Amino acid sequence: MLINLTVNGRQHTLEVEPQERLLDMLRQKLKLTGAKEGCGEGECGACTVIMNGEAVNSCMVLAYQAREAEILTIEGLAPNGGLDAVQHAFVENGAVQCGYCTPGMVMSTKALLMKNTNPTEAEIKEALAGNLCRCTGYVNIIKAVKAAAGELNGG
Amino acid sequence: MTGYRIAGFLRLEDVLREITQTSVRTVFISGGTDFINNGIGDKAELVIDLAQVADLKYIKDLGSEIRIGGGTTFAAIAASPIIKARASALAQAASRVGSVQIRNRATIGGNIASASPAGDSLPVLAAFTAGVHTAGSQGTRSLTLTEALNGLQAKEIITEVVIPTPGESRSGFVKIGSRSQVTIAKVSLAANIMYDRSKKMIIVGKAAMGALGKVPVCPLTVQQFFSQRVVDEHFADDLSQLLVETVDEMIAGRASRPYKRAAVKGLVYDLAGLLFDACENN
Amino acid sequence: MDAKPAHNFKYVGRSIPIEDGAAKASGSIKYTGDMVVDGILYAQLVFSQVPHARIKNIDISEAMAVPGVVKIYQRDNSTQIKFNSQMWFAGQNAVEDQELFPEVVRYIGDTVAAVVAETKEAALAAADLIKAEYDTLPVVIDPEEALSGQVALHDSGNPFFTMEANCGDVEAVLKTNAGVVVEDRVETPKIHHAAMENHVCIAVPDHRGRMTVYSPCQIVYSVRLIVAKVLGVPYHKVRVIKTPIGGSFGGKQEVTLETYCAYFAKDLNRPVKIEFDRWASIVATRTRTKTIGYVKTMVSPEGKIWARDMKYIVDTGAYTSNGRAICYAMAKKLFRLYRIPNQHYQALAVHTNTTIAGAARGYGSPQVQTIAEINLDNAARHLNMDPVEFRLKNLVHPYDADPSGGPDLGNARIIDCVRKGAETFGWNAKWSQPKRAGRWQTGVGMACATHGNGYYGAYQEFGTMTIRMLEDGSIMLNAGLHDLGNGTVTAMKQIVAEVLDISLDMIEAPEADTDVSPYDIGCQASRVIHVCGANAMQAAEELRSLFIIEAAKILTCNEAEIALEDGRIWRNGNSGNTMSYGQMAAMIQQKNQVELIRTVTYQAPANPGSYAANFVEVAVDTYTGFVKVVDVVAVHDIGQAINTGFVEGQIHGGIQMGLGMAIAEDIDYDEKSGIARGSRFSKYHLVNAPDMPPVRVILIEKGEEYGPYGAKSIGEIATIPITAATVNAINHALNANLTILPVTPDKIMAMLTEQQNK
Ligand SMILES: Cc1cc2nc3c(=O)[nH]c(=O)nc-3n(C[C@H](O)[C@H](O)[C@H](O)COP(=O)(O)OP(=O)(O)OC[C@H]3O[C@@H](n4cnc5c(N)ncnc54)[C@H](O)[C@@H]3O)c2cc1C
Ligand code: FES
Ligand code: FES
Chain A
1 MLINLTVNGR QHTLEVEPQE RLLDMLRQKL KLTGAKEGCG EGECGACTVI MNGEAVNSCM
61 VLAYQAREAE ILTIEGLAPN GGLDAVQHAF VENGAVQCGY CTPGMVMSTK ALLMKNTNPT
121 EAEIKEALAG NLCRCTGYVN IIKAVKAAAG ELNGG
Chain B
1001 MTGYRIAGFL RLEDVLREIT QTSVRTVFIS GGTDFINNGI GDKAELVIDL AQVADLKYIK
1061 DLGSEIRIGG GTTFAAIAAS PIIKARASAL AQAASRVGSV QIRNRATIGG NIASASPAGD
1121 SLPVLAAFTA GVHTAGSQGT RSLTLTEALN GLQAKEIITE VVIPTPGESR SGFVKIGSRS
1181 QVTIAKVSLA ANIMYDRSKK MIIVGKAAMG ALGKVPVCPL TVQQFFSQRV VDEHFADDLS
1241 QLLVETVDEM IAGRASRPYK RAAVKGLVYD LAGLLFDACE NN
Chain C
2001 MDAKPAHNFK YVGRSIPIED GAAKASGSIK YTGDMVVDGI LYAQLVFSQV PHARIKNIDI
2061 SEAMAVPGVV KIYQRDNSTQ IKFNSQMWFA GQNAVEDQEL FPEVVRYIGD TVAAVVAETK
2121 EAALAAADLI KAEYDTLPVV IDPEEALSGQ VALHDSGNPF FTMEANCGDV EAVLKTNAGV
2181 VVEDRVETPK IHHAAMENHV CIAVPDHRGR MTVYSPCQIV YSVRLIVAKV LGVPYHKVRV
2241 IKTPIGGSFG GKQEVTLETY CAYFAKDLNR PVKIEFDRWA SIVATRTRTK TIGYVKTMVS
2301 PEGKIWARDM KYIVDTGAYT SNGRAICYAM AKKLFRLYRI PNQHYQALAV HTNTTIAGAA
2361 RGYGSPQVQT IAEINLDNAA RHLNMDPVEF RLKNLVHPYD ADPSGGPDLG NARIIDCVRK
2421 GAETFGWNAK WSQPKRAGRW QTGVGMACAT HGNGYYGAYQ EFGTMTIRML EDGSIMLNAG
2481 LHDLGNGTVT AMKQIVAEVL DISLDMIEAP EADTDVSPYD IGCQASRVIH VCGANAMQAA
2541 EELRSLFIIE AAKILTCNEA EIALEDGRIW RNGNSGNTMS YGQMAAMIQQ KNQVELIRTV
2601 TYQAPANPGS YAANFVEVAV DTYTGFVKVV DVVAVHDIGQ AINTGFVEGQ IHGGIQMGLG
2661 MAIAEDIDYD EKSGIARGSR FSKYHLVNAP DMPPVRVILI EKGEEYGPYG AKSIGEIATI
2721 PITAATVNAI NHALNANLTI LPVTPDKIMA MLTEQQNK
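Chains as they are written, first to last, in our numbering: chain A, 1 to 155; chain B, 1001 to 1282; chain C, 2001 to 2758.
Wrong hints could be hidden among the right ones.
Stated by the list, open to error - Below are the DSS-like pairs computed for lysine-lysine, each with C-alpha atoms no more than 30 Å apart in a straight line:
1. K115(A) with K1057(B)
2. K31(A) with K2120(C)
3. K2030(C) with K31(A)
4. K1084(B) with K2628(C)
5. K1043(B) with K2071(C)
6. K2628(C) with K1186(B)
7. K2628(C) with K146(A)
8. K2071(C) with K2030(C)
9. K115(A) with K1060(B)
For the record, the hints were derived by calculation from the structure and aren't laboratory data. This one's a predicted model, so the numbers in the text were calculated from it and none came from an experiment.
Can you build the whole structure from these sequences, using the hints too?
In structure tokens, the structure reads:
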């Protein structure tokens, strides 16, 4: 089955299987391996991408359901492997350890900041509640989100 | 990979045409948050994606009732000014479903169709005596929540949830899980009441408990209790007592009973906090 | 780089961001699951669905018919060589009771068969079609039930191993009947490491008959050892490359998928990949060792600990793995935190029909110290004494000896930790705050911990590193490093940069690859900063000396006259005429015909203790049993932070993990069916962001003689004190003695209901 969609600003027409998940399509067909599978059941958020402006678990969406959608993945935030403000804040604030949760965390942060440029700590925690991290205890991740928000608000 | 075919439409009428024409085993997917985990497609030949059906996504205030399209996501419900103002319990329940990512996909229709005892919207809908409208190859139906939970027909779509709002009411939803967020309810409670603020008196009201059985439990004793009940310092303890009895009755002998009955008090105090203290300060 | 000026240091002590942070944040780093290998096959293991049974028959006919299936492995067509997955050095005395496909399956998750197919989907589909018939055997899940030996999983019986450790004479002291004796039984759960990356491995055979194994592992040399054994080939036929790892916490320390992957790849002469899902990572890899402790502590009325008698039941699950080694490791910690003149330790290790236990951050230390610290709080309570004051009377002092005969404790600064922590936390005020009636009850708790710094005193403790200055002045540190996401590589660069006075971007320190890295014992035993760091420091110092010797020849001066700074070199008094390291290195090659290279084998001469104290405030909802952790102060004696940000990061993460053990996490096996209830993240809840408390970290940096720049370990001890501190705080809040971990809401409510009914 052919679907059209836009991923990181590029239009694609792709053949997808009915059972294929958005996560599989991104990782296998488009070789966008930034989104990770940590649980496959919507619990860990490692597979988080932004679909039509909203954070979603790409393991909980069938590829077919993304027809005509606009998808933004970690690879699409900054050109050529560079870093956008959120990614940069994660690196600088010690929010990245093993890095496996990082793409999902960054995408959840991005989705939050797209709607709310000045989130409270409680709002940050709620936005990240569906993203698990075993390395950082979230402490520096929350710090990084605040730093990124500060940066986006002009420092 | 073997298994189903998948099809999707943008309009409900096209979905209905498809299900009337097809004779193969057909199921639906909306947000997919239960579909994928529960292997709903395993035995299907055709899966129809409802997630892009625009006319299943709406929240309408008709005065004496609110109508919510079956494909409306919990994120949309939680953010809706209509729901927040007129059925705040549903906004609260919606905002506590899963995580942001889940709420962005999960739909109220899917919550009802999945009929998990822990479904967060269910006790709220029960407390409001909400109705469920469906459409299928046999035409449309108008069901009670209990009827909807006890089994939809094959290829029957939840098109709409109807929440009666005859007058101004106060409502609240609380749940207890193992974390404060992203947690399935071990037990939950919703109530919808007409309240006379000057007399501090509930005129009439209904409460429903979730996660005790297939359908939310709406104890008659609580409805009687709510009738003309002044909210005094005994209110929460008296209500707890009634709900503990409900738990004992509903899940006697179940391993989860001791905890659920013990935790009822916490639910009731939280609910009372939502219904009274918070409103009083406005 | 942060603004904090580290005293005397240019690179050490600073919070420099992790070197691969940008690659991780941009999603461009390739973990093993992201790697693409031409012509790769996918293997899917078929797991036992019963907890204990002899396999009668396996029907693979339907599975073989699935298009794309290449081969199905089971006992009959595979090697039956026995191994122990935690062996990390040749000649180690370890019970070898594991096989790729055992005749008798011993837990749900044991391996019945495996499908190798052209696609992952085909392998999965075929695996689902394999039908095993079993003759079921009696099952034992409860470790205390296992003690009776009625159900034995192996010939070694049950318990399969016991050991003791002693100092003084406990029995004699207990007989005096003086003082107060406080007894507890404390139970810690089986816990999933929960690295966000599931277990994964790729094995690639080549035309020379060699096997390259790509594994996100902690010990390449352990993987080589066990893979070579299973393949039946000499070590030089196996190459193991440590790939970027998405977390481990001990979970990827043992050799699990690598054996299967390499075996299939060799047999089929094609690359093979195995990738576990979360269920398999939880149920079919390794867990933290469930431990039940009986502790009897005798204290004087003034609060001096006279004697302690401890019995630990150590549940290693279905196979022995580290079931023996961990008993020794547990014993060691218990003699190194308090001055207890008389102590007796006994460990009884049992097999149960549950997932194999293995290394897990702290290697038994979190379990035994949690158990002991809960008991100590009860002792303080019996004495009516403030637990801080009680501990201060008994804690070890710097340079104390280990009464059980282990290495000296070194600059053990636990008393500083407790004093500083109590002050910052506001302990005195909080502890003595009178209880108020009401729904939410607050409480405070604290606990101390110690952990080691390597293997010295127990096993051989050494490693080798080669360091080179290249012709342009850049540096290669060639070592068997395994960065687990904690920043090992960056920290090693900081040490080298400090010695050589050169910027970090001029240093490369690739991770372990058995073909090129010199031997190293691996990332375990909290040895990396203290031992490998010292190794790197010594190597860099030797390179510096060599550089100076050779430069002096070029500059025709005395070695003492050579000055080095910021990547430039000159002759003292001639600072107008400096050269870059590169210019000099090139000249040394041309003129002296010398390569600037040093290989250093470092043998650790000591094993000091790292120390920590955590202070916790909780609010307990007495209506629902929900525990909200409100405040945490974590004080750590780490000698010297090499990278302050990394140290804090370890502590934050350690607290998240240890909190889980205190209040939430438990794989929890059904006693009859042997099914793990917590086998998925929807059923096994980690602490997520909303429930994570704020953490205030305080570092005590008073140096340690043999640590590089004084550094001691942090990664494992970071997770130890929080568990007992939290449980102690809950018990303080509720005036209770909850000792079965995790202390979940239902246990709290059951206790409160019982209290009420009394
Ligand atoms: C991580 C996670 C956390 C969760 N947390 C919660 C929680 O806190 N509270 C809670 O209540 N639930 C929770 N859920 C469950 C789930 O998100 C909800 O039940 C959700 O409402 C399901 O809606 P959906 O649109 O995703 O349904 P789908 O998964 O698309 O479908 C579920 C079922 O409903 C049927 N269906 C869907 N839409 C319709 C329709 N319009 N008409 C007829 N049949 C339909 C499908 O055929 C399928 O059988 C969680 C799920 C996950 C993965
Ligand atoms: S992999 Fe999608 S949420 Fe875990
Ligand atoms: S950085 Fe390792 S899981 Fe978050």
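Status of each hint after checking the structure:
| no. | hint | result |
| --- | --- | --- |
| 1 | K115(A) with K1057(B) | holds, 21 Å |
| 2 | K31(A) with K2120(C) | holds, 16 Å |
| 3 | K2030(C) with K31(A) | holds, 11 Å |
| 4 | K1084(B) with K2628(C) | holds, 28 Å |
| 5 | K1043(B) with K2071(C) | holds, 28 Å |
| 6 | K2628(C) with K1186(B) | holds, 18 Å |
| 7 | K2628(C) with K146(A) | holds, 23 Å |
| 8 | K2071(C) with K2030(C) | holds, 29 Å |
| 9 | K115(A) with K1060(B) | holds, 24 Å |
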